[in-house]
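There are 2 protein chains.
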Amino acid sequence: MTKNNEHIVLYATFQHEPVNYSNREMKSACSLLLCKAASYDYNAPTMRQSALFTKTRRDAPKDEVAKNAQLLIRAGYINKEMAGVYDFLPLGLRVLERINAIIREEMNRIGGQEILMTTLQQKELWEQTDRWSDSAVDSWFKTKFKDGGEVGLGFTHEEPLTSIMRSHISSYHDLPKLVYQIQWKFRNEERAKSGIIRGREFLMKDLYTFASSEEEHGKLYETVAAAYERVFARLQLGERTYRTFAGGGVFSKYSHEFQCLSDVGEDTIYVSKKKRIAVNKEVMNEEVLADLGLSERELSEEKAIEIGNIFSLGTRFSKALGLHFKDRAGKQKDVVMGSYGLGPTRLMGTLAEVFSDEKGLVWPPAVAPFAAHLIAITGGSRDVSAEADRLYELLQENGIETLYDDRDMRAGEKFTDSDLLGIPKRLIISEKTMAEGGVEVISRADGLTTFVSENDLIEHLER
Amino acid sequence: MTKNNEHIVLYATFQHEPVNYSNREMKSACSLLLCKAASYDYNAPTMRQSALFTKTRRDAPKDEVAKNAQLLIRAGYINKEMAGVYDFLPLGLRVLERINAIIREEMNRIGGQEILMTTLQQKELWEQTDRWSDSAVDSWFKTKFKDGGEVGLGFTHEEPLTSIMRSHISSYHDLPKLVYQIQWKFRNEERAKSGIIRGREFLMKDLYTFASSEEEHGKLYETVAAAYERVFARLQLGERTYRTFAGGGVFSKYSHEFQCLSDVGEDTIYVSKKKRIAVNKEVMNEEVLADLGLSERELSEEKAIEIGNIFSLGTRFSKALGLHFKDRAGKQKDVVMGSYGLGPTRLMGTLAEVFSDEKGLVWPPAVAPFAAHLIAITGGSRDVSAEADRLYELLQENGIETLYDDRDMRAGEKFTDSDLLGIPKRLIISEKTMAEGGVEVISRADGLTTFVSENDLIEHLER
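Just so you know, the sequences run in chain order A and B. Residue numbering for the first sequence follows the working numbering, starting at 1 and increasing by one per position. Residue numbering for the second sequence follows the working numbering, starting at 1 and increasing by one per position.
Incorrect hints may appear among the rest.
In this list, chains with the same sequence are indistinguishable; a pair is considered to hold if it fits within one copy or across any two.
To be verified - In silico lysine to aspartate or glutamate, EDC-like type, Cα no more than 20 Å apart, as pairs:
1. K55 with D327
2. K142 with E189
3. K146 with E189
4. K123 with D147
Because the hints were derived from the structure by calculation, they are not lab data. Note that this is a predicted model, so its numbers are computed, not measured.
Chain A extracted, bound-state conformation (with noise of 0.2 Å):
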């Protein structure tokens, strides 16, 4: 067992043969490694608990009122700077990346195509559309250049996407497209105390497509939709997500939001369980309701969570920003857009209020920062160390993703740790399980213990 943490600096800096770099060589090591890191890991596919930099504590910061931020904090996932501006640490960072790894999956699966636009943007170019001065967006951060020039913080993105396709779209040939980022936006809001739901600065998944016209652009938003609830369902949050008809725009009479239901949440739907569709408060009246073939009756209020929205945009910034494209007869129109949103910190809090009990979180598997905790119960004994690391070893192996606690502590506080930590599968050697020949594996999420011999602990994971 190696408790100073230089041996594993150390070990983590030798362990490699001396890197020979033909390239043949480097790109098969490379891939190598990445492949073994790819399902999820961010970092190091398992690590040992004296190695991670991270403690928990006991309580959380006492100006913190949101579960989800309570309980990521306690565990060491995030960081708390200001209120609705978080740090995520190396366990936060794994879930993050892993919901981010979803998204993306998704989001290239429709034909996305991923780029990472600018934080810093032209007030020039959002004149153009009106939406520059503090009247018309009161959630703007602004700042200078040294020679006065004023410049914001993006807070979406339709602006500068936009004015970017000019020089990519001229004809009927180049349409539809569908450009995403993930990237940091900030909004200066009033009041930021639910946690990573609703930050100042957050992470976005923004999506925007462009159409030729609005029988195609209708296309790609049902395809963006149908995206959405895969991810949804891949983050187990799909039951309990509605598509809920929200106020349009201009352009079209609805817009959808994807709200999850929570206590926590900050909006108020009335929800049709058995169509599947709700309607968010703030639209709710007969003509919906007559739109929707919906009666009241059907219908429960419930509090939600908004972890995505789906809007038409129409010609609205193609027209501003001059966006324009030859069709087929060679007449000069404007691109159709559509913009998407989906927040991972947003779905990282939500995933903390929905899957968490009074000991602390149980992450889903897909987003769990590791499969597996391995937690050894030494008593002293030298020959439990060694079987755990043993077993450590042959996790790694296997390619299970494990945090191994082999920490000199006692097995309540390991124990305590672990139900915060809320990794899914716990693996628990000790003597006793030792003289059985296998370990004591429980699951996170509702409790179950089971015995498995060391020879089905691979299969027993893998189920």
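Dock chain B against the given chain A, drawing on the hints supplied.
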């Protein structure tokens, strides 16, 4: 050949079977997808050029004077928002993410733990280290919350990380630690004329080390220096990059810069090519020469780009912010810190400067957006189209990352674009090569042309 992009979207949407959300299947589906995408594929591992939304352009914007940005803009890798502020488009983001992946691997290898801190910075914290006022730091961007409170945009992150570590370091058992992030920084530069080599908004990998003594710090410092050298070697910048002695601070006589020789560099250094070290002109004097055992005769004056720096911080930040630990004797001490910067966007700009010719970019294979550029010269022949499609599938099946120029354009235009994009291997298929049962493979770096039979193609490319 799919010409209408709508087909591609639908194909991408429907090529997958309806997703089965059982954990196990999802997990294996995901890891397959991600493993395929792993070695560098931020977006899809292969792509039809007809689907790619970016187009090349003949001229860079008139106000763009840096060669790196001129080429990258013309090739559609980046877009200029403002001086020193650039968006990364699909091909550019792929290159940037490959650079990030290399850096991440080398940081993880030495035990670095990745986190992500915030852009918004609280005034109170920076006042404690005397780095808030504009007289102390002249490159701040600052903005305001609605209640009037000032907040800065991070230009570096010693303060917030030192503050975070107070919750996680209390004993010598907790040391050493290496913590890093890859994150966008903001600096209010007066002039920004070097393209993505000097941005007002730029990506930085900043690592910080925490040690219990100067001796332990010294070891970490050299460990990080070695990791940096591995990064530069993998980017093919190793030979022209010199560890350069530069100004230190209160806690060390020198800091070290990694200076990459280039005519566009903003720094002047004195290089000993034989001893593979250099001295920054800013500190060059008799004393430095004596310290390093160098004589002026063996040095040549060179222009260079600072692509990395490593810096001993001593206890400057730990003392100011109260980051202490108890040593073995139970005595309270200040943590000894180091700070280490590497700029992925600057590295990308440097690569574009160093690896390019009059025709365009010439990416090193380790960071190229694709490994192969398959170009179909159909001359209207359906047979050639069909054969090119088949070859594209073969390349996909074998995991060769390929951009497939399936556009309906003249050969000359395709070649000009291909030269500009700079993908390492160009594969040409035409009626002529079909008749001979293979493809022409042209290496972008040296123009070497080889005829390769279809049977040998995959092996040839993997070589």
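The hints, checked one at a time:
no.: 1; hint: K55 with D327; verdict: between (60 Å within a copy, 19 Å between copies)
no.: 2; hint: K142 with E189; verdict: both (13 Å within a copy, 17 Å between copies)
no.: 3; hint: K146 with E189; verdict: between (26 Å within a copy, 8 Å between copies)
no.: 4; hint: K123 with D147; verdict: within (14 Å within a copy, 23 Å between copies)
Checked against the numbered hints above, the structure violates none of them.
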